[in-house]
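Colleague: Residue numbers (the working numbering), protein chains in the order written: chain A, 1140 to 1364; chain E, 495 to 692.
Some hints could be false.
Here are the simulated SDA-like pairs of lysine to any residue, each with C-alpha atoms no more than 20 Å apart in a straight line [to be verified]:
no., chain 1, residue 1, chain 2, residue 2
1, E, K676, A, E1314
2, E, K676, A, V1209
3, E, K567, A, F1319
4, E, K676, A, A1210
5, E, K668, A, K1335
6, E, K676, A, H1208
7, E, K676, A, T1227
8, E, K668, A, V1209
9, E, K567, A, A1210
10, E, K676, A, Y1145
11, E, K567, A, V1209
12, E, K676, A, I1204
13, E, K681, A, D1330
14, E, K676, A, E1326
15, E, K668, A, N1325
16, A, K1147, E, Q677
17, E, K668, A, M1140
18, E, K567, A, T1150
19, E, K676, A, C1142
20, E, K638, A, H1192
21, E, K676, A, K1335
22, E, K681, A, H1192
23, E, K681, A, I1204
24, E, K681, A, E1179
25, E, K668, A, Q1151
26, E, K676, A, E1156
27, E, K676, A, N1325
28, E, K668, A, I1204
29, E, K676, A, F1319
30, E, K681, A, H1208
31, A, K1335, A, E1314
32, E, K681, A, V1209
33, A, K1247, A, I1231
With beta-carbon atoms standing in for the labels, derived distance ranges [what the hints assert, rightly or not]:
no., chain 1, residue 1, chain 2, residue 2, range
34, E, D591, A, M1140, 40 to 46 Å
35, E, E518, A, H1192, 54 to 60 Å
36, E, R563, A, Q1164, 24 to 30 Å
37, E, K567, A, Q1327, 35 to 41 Å
38, E, E623, A, A1201, 40 to 46 Å
39, E, N575, A, L1159, 47 to 53 Å
40, E, S595, A, A1210, 40 to 46 Å
Bear in mind the hints are in silico, worked out from the structure with no lab data behind them.
Ideal Cβ positions, reconstructed from N, Cα and C, are used throughout, including at glycine.
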Amino acid sequence: MFCDAYNKSLTQAAAAERELTPALQQHLFTCESCRTAFAEEQSLFTAIDSSLHTVANPEIPATLIPRIHVALNNMPVSESNLSKWTSTGALIAAALVLFITLNLKDRKFQNSTENVNDQASTQVSVSRSGHSFPPHAESVERVPSRKTSAIHPHTAPVAMTANLPEVLLAPGQRETTERFVQAMRNEQFRDELLAKKGSKEAVLEALAMKPIKIEPLAPVSSTGD
Amino acid sequence: MQELILIEPGSTAPKLGKTEWTREAEHAAIRSEFEERLADSSGLAFRVARGVLKNDADAEDVAQESLIRAFRKFARLRDRNRFRAWLVRISFRLALDRLRSSKCRELREAEWMREQERSRPANSQASREFQQHLERAMEELPEKLRLALLLSAMEGHSLEEIAVLLSVPVGTVKSRIFFARKQLAEKLRCFVTLTTNR
Chain A
1140 MFCDAYNKSL TQAAAAEREL TPALQQHLFT CESCRTAFAE EQSLFTAIDS SLHTVANPEI
1200 PATLIPRIHV ALNNMPVSES NLSKWTSTGA LIAAALVLFI TLNLKDRKFQ NSTENVNDQA
1260 STQVSVSRSG HSFPPHAESV ERVPSRKTSA IHPHTAPVAM TANLPEVLLA PGQRETTERF
1320 VQAMRNEQFR DELLAKKGSK EAVLEALAMK PIKIEPLAPV SSTGD
Chain E
495 MQELILIEPG STAPKLGKTE WTREAEHAAI RSEFEERLAD SSGLAFRVAR GVLKNDADAE
555 DVAQESLIRA FRKFARLRDR NRFRAWLVRI SFRLALDRLR SSKCRELREA EWMREQERSR
615 PANSQASREF QQHLERAMEE LPEKLRLALL LSAMEGHSLE EIAVLLSVPV GTVKSRIFFA
675 RKQLAEKLRC FVTLTTNR
């Protein structure tokens, strides 16, 4: 057993196999108990090292390398990893370019449609004051959120395409709106419509639709009363 | 090992496309480079596995598997000088996985006992017992400490080489070895007293 004052430093010195400081040497010279304990500690580490050496240095079996050669020979010559990675990378790059191109094209189309839509809706709102609305045109609201994921049962199919605004429609106006959106996709028609923007009647006639009444949705009671 | 292709008389070239030729050539080059390292590294993989598994047959299986895995991914290894470090990690991981498969554990230990009897008949009973205790104590060491200690006990590994193999600074290697030895000493102290008292 080491003396308390030297316990830590003597244990560490034995574990680290480092030379003793003069102070520790002096203490071991004078203290027999520490000297014995230190000798025991050293023999413990010698035993550990000796066993460790046996454990860590076994003879390498002569069969090992021939076994590996056999295993390597039995491996199929597969496509090398390098070319596999290169071809995968090329495929991903091509897909990315295609995606970006399509996306840009779609946005361009969407922007031009939006411009026409905005102008057309201005025309429609202008026409509200002078017309009496048909009974089936109950309420229509244009939902500003363009990236909403919830799809309302009255949402037109055209609005299901992710890039178009979502539109809530009265049951009777679905067909008209679809026709309107289809017509807007025709570039020539759009140009003609823009040319007629001065005359609200001409716009409505070209669209073959009745004026739309735009008003906020009435709050619905959650209790269903 | 060089691979040769037999061309039949009358035929101008074997039926291989350009890409296949390239692939074959790439494979041959990789294999040749890999085999240059095989003699040097197979022993390392075996010893690391043996240090964990305590059984020659299992260690040989693990060493083979490690080297086959290493070969499969050899082309992806950017710095080929890191091959031995990479192999040590693969081998150590695979050996630990195999050790953890509890089904084989008992069989392995029984085999190990028989092997000990065969290989060291001159060893004293006390020494064999101490070695068993040491190997059990090593199993309880944290993985990082165990691998550092194992590599340090292997012939021909300086602290600097271990640091390269483990991709850590020399100071870290020193401290891992120190703490590993200290923990082993704590666990084995009573056995040394017992064996010396006998």
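Colleague: Run every hint past the structure and note whether it holds.
Modeller: Structure-based check of each hint:
no., hint, in the structure
1, E/K676 <-> A/E1314, "violated, 84 Å"
2, E/K676 <-> A/V1209, "violated, 43 Å"
3, E/K567 <-> A/F1319, "violated, 59 Å"
4, E/K676 <-> A/A1210, "violated, 41 Å"
5, E/K668 <-> A/K1335, "violated, 86 Å"
6, E/K676 <-> A/H1208, "violated, 41 Å"
7, E/K676 <-> A/T1227, "violated, 50 Å"
8, E/K668 <-> A/V1209, "violated, 39 Å"
9, E/K567 <-> A/A1210, "holds, 15 Å"
10, E/K676 <-> A/Y1145, "holds, 17 Å"
11, E/K567 <-> A/V1209, "holds, 18 Å"
12, E/K676 <-> A/I1204, "violated, 36 Å"
13, E/K681 <-> A/D1330, "violated, 90 Å"
14, E/K676 <-> A/E1326, "violated, 83 Å"
15, E/K668 <-> A/N1325, "violated, 77 Å"
16, A/K1147 <-> E/Q677, "holds, 14 Å"
17, E/K668 <-> A/M1140, "violated, 26 Å"
18, E/K567 <-> A/T1150, "violated, 45 Å"
19, E/K676 <-> A/C1142, "holds, 19 Å"
20, E/K638 <-> A/H1192, "holds, 18 Å"
21, E/K676 <-> A/K1335, "violated, 92 Å"
22, E/K681 <-> A/H1192, "holds, 18 Å"
23, E/K681 <-> A/I1204, "violated, 37 Å"
24, E/K681 <-> A/E1179, "holds, 15 Å"
25, E/K668 <-> A/Q1151, "holds, 13 Å"
26, E/K676 <-> A/E1156, "holds, 11 Å"
27, E/K676 <-> A/N1325, "violated, 83 Å"
28, E/K668 <-> A/I1204, "violated, 33 Å"
29, E/K676 <-> A/F1319, "violated, 83 Å"
30, E/K681 <-> A/H1208, "violated, 42 Å"
31, A/K1335 <-> A/E1314, "violated, 23 Å"
32, E/K681 <-> A/V1209, "violated, 43 Å"
33, A/K1247 <-> A/I1231, "violated, 24 Å"
34, E/D591 <-> A/M1140: 40 to 46 Å, "holds, 43 Å"
35, E/E518 <-> A/H1192: 54 to 60 Å, "violated, 45 Å"
36, E/R563 <-> A/Q1164: 24 to 30 Å, "violated, 52 Å"
37, E/K567 <-> A/Q1327: 35 to 41 Å, "violated, 59 Å"
38, E/E623 <-> A/A1201: 40 to 46 Å, "violated, 30 Å"
39, E/N575 <-> A/L1159: 47 to 53 Å, "violated, 39 Å"
40, E/S595 <-> A/A1210: 40 to 46 Å, "violated, 21 Å"
Against the hints set out earlier in the document, violations occur for numbers 1, 2, 3, 4, 5, 6, 7, 8, 12, 13, 14, 15, 17, 18, 21, 23, 27, 28, 29, 30, 31, 32, 33, 35, 36, 37, 38, 39 and 40.
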